[in-house]
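Peer 1: Chain B: place on chain A using the hints.
Chains as they are written, first to last, in the numbering used here: chain A, 166 to 389; chain B, 166 to 389.
Hint data in this document are derived by calculation from the structure and do not stem from the laboratory.
Hints should not be assumed to be uniformly reliable.
Stated by the list, open to error - Facing chain B, from chain A, some residues (calculated, C-beta under 8 Å):
(1) GLY207
(2) PRO214
(3) HIS277
(4) LEU291
(5) SER304
(6) ALA307
(7) ALA323
(8) LEU326
(9) VAL333
(10) VAL345
(11) PRO348
(12) PRO353
(13) LEU359
(14) PRO368
(15) LEU374
As the list claims (entries may be wrong) - Not close to chain B: a few residues of chain A, all C-beta gaps over 12 Å, as computed:
(16) ALA196
(17) GLY225
(18) ILE227
(19) PRO247
(20) ASP285
(21) GLU294
Note that CB positions come from ideal geometry on N, CA and C, so glycine has one too.
There are 2 protein chains.
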Amino acid sequence: MDAAPPLSPTARSTVRRGARRARTDRAELHAVLDAGLVGHLGLVVNGSPIVLPTGYGRRGDILYLHGSTGAASLRAAAAGVPVCFTVTLLDGVVYARSAFHHSMNYRCAVVHGVVRPVTDPDERLLGLEVLTEHLAPGSWAATRQPDRRELAATALLALDLTEASVKVRTGPPGDDDRDVPGPDEPDPVWAGVLPVRTVVGEPEPCPLLPRGTPVPTRVRDRVS
Amino acid sequence: MDAAPPLSPTARSTVRRGARRARTDRAELHAVLDAGLVGHLGLVVNGSPIVLPTGYGRRGDILYLHGSTGAASLRAAAAGVPVCFTVTLLDGVVYARSAFHHSMNYRCAVVHGVVRPVTDPDERLLGLEVLTEHLAPGSWAATRQPDRRELAATALLALDLTEASVKVRTGPPGDDDRDVPGPDEPDPVWAGVLPVRTVVGEPEPCPLLPRGTPVPTRVRDRVS
Numbered sequence: 166m167d168a169a170p171p172l173s174p175t176a177r178s179t180v181r182r183g184a185r186r187a188r189t190d191r192a193e194l195h196a197v198l199d200a201g202l203v204g205h206l207g208l209v210v211n212g213s214p215i216v217l218p219t220g221y222g223r224r225g226d227i228l229y230l231h232g233s234t235g236a237a238s239l240r241a242a243a244a245g246v247p248v249c250f251t252v253t254l255l256d257g258v259v260y261a262r263s264a265f266h267h268s269m270n271y272r273c274a275v276v277h278g279v280v281r282p283v284t285d286p287d288e289r290l291l292g293l294e295v296l297t298e299h300l301a302p303g304s305w306a307a308t309r310q311p312d313r314r315e316l317a318a319t320a321l322l323a324l325d326l327t328e329a330s331v332k333v334r335t336g337p338p339g340d341d342d343r344d345v346p347g348p349d350e351p352d353p354v355w356a357g358v359l360p361v362r363t364v365v366g367e368p369e370p371c372p373l374l375p376r377g378t379p380v381p382t383r384v385r386d387r388v389s
Numbered sequence: 166m167d168a169a170p171p172l173s174p175t176a177r178s179t180v181r182r183g184a185r186r187a188r189t190d191r192a193e194l195h196a197v198l199d200a201g202l203v204g205h206l207g208l209v210v211n212g213s214p215i216v217l218p219t220g221y222g223r224r225g226d227i228l229y230l231h232g233s234t235g236a237a238s239l240r241a242a243a244a245g246v247p248v249c250f251t252v253t254l255l256d257g258v259v260y261a262r263s264a265f266h267h268s269m270n271y272r273c274a275v276v277h278g279v280v281r282p283v284t285d286p287d288e289r290l291l292g293l294e295v296l297t298e299h300l301a302p303g304s305w306a307a308t309r310q311p312d313r314r315e316l317a318a319t320a321l322l323a324l325d326l327t328e329a330s331v332k333v334r335t336g337p338p339g340d341d342d343r344d345v346p347g348p349d350e351p352d353p354v355w356a357g358v359l360p361v362r363t364v365v366g367e368p369e370p371c372p373l374l375p376r377g378t379p380v381p382t383r384v385r386d387r388v389s
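Pulled out of the complex, with its shape left as it was, chain A reads as follows (with noise of 0.2 Å):
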């Protein structure tokens, strides 16, 4: 279990629609953001929102977003204005008796906040590392670690998970009466749960790497 208090939606991070889809557990936030890869950050460039695919790591309730210095979106969102970082997983696709009611399975979390530029030596690698070993656990240890030149390409941003929410959808479709027969009634509307998964398929090498190089398990054991 989870001691960390429940989330504490603001305005804009209660969930309206659908409310009954909304979670107020803290555990649940991490666990979407833990069983994700990437997430999708917004920010407001010149008056017009952009959102741009970006990888993430969390170290209790602060997620670690990096990119190159050179990126411009980056750049807006290191000059502290607000952002919004979204995860979704989708589970699986919802067949419903009638269009209106098909839908997905899915887990989403929604992260409002303005990021801090992260500049303290000690906490860039860190974060560095809590991102790296997100995307890639083992790789911070078993790799040649970021030299000066690199780190100084690479912009890291904090952003709190304070103001976030969650929302998730599981089960099959949510019917009318009107629309599930009797019984007793032939060749129904075929309703359910197509169940969608992320799986990990077999390493591939890289070409410069000598024949017979061995998978490490750090690797291996991540393949579904």
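Peer 2: Same frame as chain A, but now just chain B:
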């Protein structure tokens, strides 16, 4: 081959970072959009960005989005504000010989524009058919179509694909030469790609469906 004109990016739809990953072929834009099921819609509400997952469907160079008329985000989008709609497909985790060069293989489409609320009754039905068929091919004809009340509760938006960009990363890690050991060097750091795929599992029938109801081909054929 796609005979449509190539993507003609504006300043904000020009890929600046990683320009070698930018694609300029309209067919590639269509392919990414057609392969995804969930997009992320970004818009500005009270000066702050919000990014929400949403289903969509494509017909030619029009993208249809829909949602409840009660959703604040869709009401804002329908009011003619600029939006950004992004679809990202994760294809792999890229393991490099340095933490810095770890990456992801992906395909990403980013569309900028102002959405148009669809009010014409015929186009509304068409748009909902496109959306339903993208999510669940064959479902529009096989299930009950929306009645007047359901149509009134559904906001349908159209987004033109004029201003869009596509970015794709494929292939092995882009390691520095200094990190790639010679062929006779022992114990190299494993490098390569762990492919990530989205798969569809066995259909889960609705509990209200009579036992033994066959799974139709339109559903069965999607199982991976």
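Peer 1: So, for every hint listed, does it hold in this structure?
Peer 2: Okay, the hints, checked on the actual structure:
1. GLY207: holds, 4 Å
2. PRO214: Holds, because the Cβ-Cβ distance from PRO214(A) to chain B comes to roughly 4 Å (cut-off 8 Å).
3. HIS277: holds, 7 Å
4. LEU291: Check failed: Cβ of LEU291(A) comes no nearer than 13 Å to chain B, outside 8 Å.
5. SER304: OK, holds: SER304(A) within 8 Å of chain B, min 6 Å.
6. ALA307: holds, 6 Å
7. ALA323: With a closest approach of 18 Å, the ALA323(A) hint is violated.
8. LEU326: violated, 15 Å
9. VAL333: violated, 12 Å
10. VAL345: Nearest chain B Cβ about 5 Å off; hint holds.
11. PRO348: holds, 5 Å
12. PRO353: Hint holds; PRO353(A) Cβ to chain B Cβ min 6 Å, cut 8 Å.
13. LEU359: It holds, given that the least Cβ distance between LEU359(A) and chain B is near 6 Å, below 8 Å.
14. PRO368: holds, 6 Å
15. LEU374: At 6 Å from the nearest chain B Cβ, LEU374(A) passes the 8 Å test, so the hint holds.
16. ALA196: Nearest chain B Cβ is 17 Å from ALA196(A), so the label holds.
17. GLY225: Nearest chain B Cβ is 21 Å from GLY225(A), so the label holds.
18. ILE227: holds, 19 Å
19. PRO247: violated, 4 Å
20. ASP285: holds, 18 Å
21. GLU294: violated, 8 Å
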